[in-house]
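Student: So you can see what is in the structure, the chains are spelled out below.
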Amino acid sequence: MIVYEKSKGLTDTPLSYCPGCTHGIIHKLLAEALCGANLLGRAIGVAPVGCSVFAYNFFNCDMLQAPHGRAPAVATGIKRAKPEHIVFTYQGDGDLAAIGTAEIVHAAARGENITVVFVNNTIYGMTGGQMAPTTLPGQVTQTSPYGRDVKTAGYPIRVCEMLATLDGPAYIERVAVDCVKNVKKAGAAIAKALRYQADGKGFSLVEVLSTCPTNWGLTPAESLRRLSGEMAAYFPPGVYKEL
Amino acid sequence: MSKRYLMKGNEAVAEAAVMAGCRHFFGYPITPQTEINAYMSKRMPQVGGIYLQAESEIAAINMTLGASATGARAMTSSSSPGIALKTEGISYMCGCDLPCVIVNIQRGGPGLGGIQPSQADYYLATRAPGHGDLRMLVFAPATVQEMFDTVFTAFDAAELYRMPAMLLADGLLGQMMEPVTPPALPPAPREKLWALGAGAPKRKTISSLYLKPEELEEVIRLRFARYSEAETRLSACEEYLAEDARVLLVAYGATSRIARAAVTAAREKGHKAGLFRPKTLWPFPKEQLRAAAAKAGKVLVVEMSMGQMVSDVRLAVGDTAAVGFFGRTGGVVPLPEELLERVEALI
Ligand SMILES: Cc1ncc(C[n+]2csc(CCOP(=O)(O)OP(=O)(O)O)c2C)c(N)n1
Ligand code: SF4
Chain A
103 MIVYEKSKGL
113 TDTPLSYCPG
123 CTHGIIHKLL
133 AEALCGANLL
143 GRAIGVAPVG
153 CSVFAYNFFN
163 CDMLQAPHGR
173 APAVATGIKR
183 AKPEHIVFTY
193 QGDGDLAAIG
203 TAEIVHAAAR
213 GENITVVFVN
223 NTIYGMTGGQ
233 MAPTTLPGQV
243 TQTSPYGRDV
253 KTAGYPIRVC
263 EMLATLDGPA
273 YIERVAVDCV
283 KNVKKAGAAI
293 AKALRYQADG
303 KGFSLVEVLS
313 TCPTNWGLTP
323 AESLRRLSGE
333 MAAYFPPGVY
343 KEL
Chain B
271 MSKRYLMKGN
281 EAVAEAAVMA
291 GCRHFFGYPI
301 TPQTEINAYM
311 SKRMPQVGGI
321 YLQAESEIAA
331 INMTLGASAT
341 GARAMTSSSS
351 PGIALKTEGI
361 SYMCGCDLPC
371 VIVNIQRGGP
381 GLGGIQPSQA
391 DYYLATRAPG
401 HGDLRMLVFA
411 PATVQEMFDT
421 VFTAFDAAEL
431 YRMPAMLLAD
441 GLLGQMMEPV
451 TPPALPPAPR
461 EKLWALGAGA
471 PKRKTISSLY
481 LKPEELEEVI
491 RLRFARYSEA
501 ETRLSACEEY
511 LAEDARVLLV
521 AYGATSRIAR
531 AAVTAAREKG
541 HKAGLFRPKT
551 LWPFPKEQLR
561 AAAAKAGKVL
571 VVEMSMGQMV
581 SDVRLAVGDT
591 AAVGFFGRTG
601 GVVPLPEELL
611 ERVEALI
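These protein sequence lines map, in sequence, to chains A and B.
Under my numbering, read the first sequence as residues 103 to 345, first letter to last.
Under my numbering, read the second sequence as residues 271 to 617, first letter to last.
Don't read these hints as lab results, they were simulated from the structure.
Be a bit skeptical, because a hint or two may be false.
[To be verified] Now the in silico label distances, taken between C-beta atoms and shown as ranges:
hint, chain 1, residue 1, chain 2, residue 2, range
1, B, E499, A, P322, 50 to 56 Å
2, A, P239, B, E499, 55 to 61 Å
3, B, A468, A, E332, 44 to 50 Å
4, A, P322, B, E461, 44 to 50 Å
Built from N, CA and C at the ideal position, the CB exists for glycine as well.
So that you can see chain B by itself, here it is in the shape it has in the complex (with noise of 0.2 Å):
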């Protein structure tokens, strides 16, 4: 399929899965990701697929769950007040050892706040994306078509680590219609010699309990072993003008594309500025970041929020340049005149 389809972030990300062989989807309705329920409402049963419109997003994700231990490739997805709901089943599926794909499109918090796009979930979705010790792989694609790719890359990467994936973007990325074209092969499922329901010789079980604190470390080391792994092999990222850069910008998704205009606006009038933006936030391209800026010097990290990736920006630089933030929230999208006059005032 190399046809071009103009198509909204939303609905991109739901066929991308259909491709990808996904044939169980959970969801609940929200603003600004609903039209992929509605997609998937339509889309599954022409493809034999299952589309459940939950009661909450408690028993999306727990469904997600429950699909993903037989080994099928299962999705669900919200926004910010619905991904805090799934909390629980993210932090269970980690405890189980369970891949799924979550699809985060943001909007403004705290509490209800609005459904204008936001990036005020980043700590969410690379901190703390459930209780425990755990990690989640978070991608943050930054147009339409990384959309659509994403989810290949996202269920590929959950079976390989056997953990969630979740797909992070934001209501502009959702809402925002550009040509897609569908990459060629979605890649095959991997083997799962360890669902439930294939009719094995032994009986398998699946848990997250463990009363014995030295056998859960152990799990938990285990587990870790293989973060680790994921940490070395999949960080992605991608610089734009970075090479000479005198201020390098950090921002990743929708943010990254207004900051690619600062950038280009700034170049135009001389200014040596450059784009660094993480394709993964977790695991977040520490050692690709910390180059950049030391050739630059000056960093500023630009972000729907009040400075969430500003912590990593600042871990993974250290002292080889200085870090500054600027950032927009509520559901507010920042301007390129904003961002080209705080690059001029850091030149």
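So that you can see chain A by itself, here it is in the shape it has in the complex (with noise of 0.2 Å):
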């Protein structure tokens, strides 16, 4: 009997995730989504610039790799072009919320019917640590090395809350990957999500917070708790725009 499969969803490419790194966990819910939903056979995903910029290696469906903050844009275009398919963008924090903030504000604003799953570790991950926008207050980066100071360096942008907003997304959810329970969750999230487009309801925006436990300098369950902890606290999980 078999218990347990990895997703059809996902190529036999080994990732290429830190020990510990809760991207391959997301990975891995949204392969087993759209399989789930049988939708694998008319996806075409958009990989971002940052540690996924090789998703397109990864998910066993069509990939195409944007440039750092554009794959909302470059989802759009695909979207118009193929409306029968199911297009999503997977992006990390720096990816979303500062270079592509515009492109990702005016999907949403568009109600463009494709599904966004947007990872959030409050760094940068692949350049070796940076502040993100998403950086917590006092939280020390690599640029940010005396604690991010609010006076000169602002706030985090929570993202699900500033879309939400808006008229035109659909569905917003904010998940975490910090226990069984929470990815369970998450994993309803994100098939929820593909489901709203399927339906062609519009807009939908997954925010799943993630772990970067090499450039937190944490062990992998230093970070899950730090996850579940401060970062949970400033980025309150639950629904944010259901229509």
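Could you fit the two chains together into a complex? Lean on the hints.
Tutor: Given below as structure tokens:
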């Protein structure tokens, strides 16, 4: 009897993420959601610039690699040309909430019928741990060595809350992947977001609070505790928009 | 369709794209190209196409990239400051071997510059349309009819060589009205085996990322082999009274029409002037120019800039002829009389 199988939504290419990084879990959840709803065959994904840049090697569907932050615009072009396809982006917090702020806000405002999986790890992972727009007040990073000083570096952006003020989005939820129960919840949220798109309801985004043990300087277990603690406190999980 | 229409250059570009089967247009308003957006916003819904006003030129080129990746004929247009913003997307499209047509109705720069006609984006278009080792096809129409025809050529060449193609015009050409007879048949889209979402048994990926230097070098070399094919096949020019000319004017786009008027005026006065007009700026018609310049011995390059194409002319001509330059910039359009004066001084 098969108890557990790797999702058919992932290729055989080994993931390139650091040990203990939750990018891998989020890949699995998205892949399972695509397969579960039988959408993989008509899915086109857009990979960002960031640690998940190689997502185009991992997801077992047609994939395109976008310029830094532009994934929602690229996905818009794909979706408008291929409305019958399921189009998703997978983006980090530097990609989506800094350089790509205009693209995500306007894709959401247009109610673009795409699904965004937004991985918030409060840091720029790929470039070695610099301050992100989501970096918490006081958080030490390579470019906020004295801790993020809100007087000079401003405050973190709460993307779900911000986008939920728009009329365009159909479904917005923030989830965390800090424990089994929440991982399941996250999977359900991603599946729901894809269902919204398949039903033609419009823009859906799932923000996933994620870890970066490497650049946080924490063990994987400590990282999960940080995620459940101060991160979830600043970025409360929950449904922010549901049409 | 052999009827004649009176059209603005900008409208001709837009209608030609529709006739060429382009159903995806992504734009952002900027003078003097905004009519293309206005036309597309009206026309696209009539033909079941998409007009989308993006939040920026950056978004517009990236939407174009996304649509192109699915094999769709996609187009975006802008004017100088907006084209600068598109360079990121152009580079990625080159890196992904994706075709598209980009229209630049140039205005004066740098910065916000002005809104009058200019040719000061020649370097941007032909030298560095984006970062990295890359090329972009650059077409330079000189009449509203050519604005129309060039869109067909540009889509086809972009698909054949799998690279972005730019239609480099200026505010004069964009705004002027002239009669247009649309060519009978737009070329059929090329087969695009690389397109995403085609439902092929094997999944497809498109990316410009190669972390191994040798691999990236190899990809670039292969791409440049394609570029060099385009270089040998696509370069185009037009000559006017160049055969026996003692002074050869070299100008493209709207400026070439002013130069042509100066040549006619010079001939009326008995001066042997001629005109060489590049119709493609990349590839630049080097050999054709070299031959024409060698015969004339003296070359005068005329541009609406401080002198950009003149570098390509010097490279092409080498020491076979003396090369001079006359330019007006900032949106000032040179007058035929000014050019005539220069020609007379050279003769
Ligand atoms: C235009 C541009 N600017 C900067 C970079 C460098 N860069 C690569 S990844 C990255 C940050 C990615 O961080 P994030 O989106 O948070 O994703 P993560 O790596 O944490 O998953 C940056 C700044 C780039 N590739 N392109
Ligand atoms: S750097 Fe951070 S986000 Fe990137 S793979 Fe490693 S742990 Fe994950």
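Student: Run every hint past the structure and note whether it holds.
Tutor: To see whether the hints hold, each was checked on the structure:
1. B:E499 to A:P322: 50 to 56 Å: holds (52 Å)
2. A:P239 to B:E499: 55 to 61 Å: holds (57 Å)
3. B:A468 to A:E332: 44 to 50 Å: Taking Cβ atoms as reference, A468 (chain B) and E332 (chain A) lie about 46 Å apart, which means the hint holds.
4. A:P322 to B:E461: 44 to 50 Å: holds (49 Å)
Hint compliance for this structure: every hint is met.
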